[in-house]
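> Could you put the whole structure together from the sequences, leaning on the hints where they help?
Residue numbers (our numbering): 1 to 179.
Quick caveat, the hints were computed from the structure, so don't treat them as lab data. Mixed in with the good hints, there may be bad ones.
[Claimed, not checked] List time: in silico SDA-like cross-link candidates among lysine to any residue, alpha-carbon distance up to 25 Å: (1) Lys4 x Ala62; (2) Lys68 x Lys4; (3) Lys145 x Met46.
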Amino acid sequence: RKVKITDEVLTLLDKVRFELQKEGIIVSDRVFNTSQDLINAEAWLMGLTEAPAEAMGICQHAYWDEPKKARNVKMTVLRASSKEMLAIEQAYEEAQDLIRVKTKMDDETSELKEGLETRKKLQKITKVLAEGIEFFEKKKLPSFKYKSMLEAARFRLQTIDADLMGSDMEEIKKGKGGK
1 RKVKITDEVL TLLDKVRFEL QKEGIIVSDR VFNTSQDLIN AEAWLMGLTE
51 APAEAMGICQ HAYWDEPKKA RNVKMTVLRA SSKEMLAIEQ AYEEAQDLIR
101 VKTKMDDETS ELKEGLETRK KLQKITKVLA EGIEFFEKKK LPSFKYKSML
151 EAARFRLQTI DADLMGSDME EIKKGKGGK
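Structure below.
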């Protein structure tokens with residue numbers, strides 16, 4: 001089956017290339033042309049005959065040549081291709097920091113406050129991740145990375161809840177609840 005890249009996607013690709021060039025990241029003609037093949041392959045894997053803007057997400061892996069440029073390229077590509085993809089990626093990155101268990105603080109009030117703030121942020125993130133996963137599945141895009149982060153964020157929420165209630169996770173898993 002043949003896949004076609006629409007004029008809209010080609011225009012977005014040009015926009016991404018221009019934005020990256022302004023930031024000092026040069027996408028060569030060869031890489032630019034290869035990225036169109038990547039987009040076609042992505043659309044083909046999605047079962048489509050016309051490449052949607054979301055298929056451009058694959059270009060985030062082709063447009064950088066130094067690791068320090070990777071995140072900037074990723075965000076530029078996602079910003080142009082899909083606001084939903086950008087939102088879920090930002091939620092993913094924020095969740096990475098929040099799911100790490102924090103070290104104990106000297107002051108219980110500070111620890112409680114941080115736990116509540118982290119919980120509030122994680123609740124918003126889990127909503128964004130769940131909505132993003134639904135979007136990805138509708139578009140037939142791979143979502144396993146976000147599904148595993150959603151599970152990790154939910155588990156971290158349970159841990160925070162247990163800490164706030166004065167229970168440990170083993171007691172909760174056994175169904176005992178509090179101390």
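> Could you run down the list of hints and mark each one as holding or not?
Hints, verified against the model:
1. Lys4 x Ala62: 20 Å, holds
2. Lys68 x Lys4: 33 Å, violated
3. Lys145 x Met46: With Cα atoms ~17 Å apart, Lys145 and Met46 stay inside 25 Å; holds.
Comparing the model with each earlier hint shows a violation of hint 2 alone; every other hint is respected.
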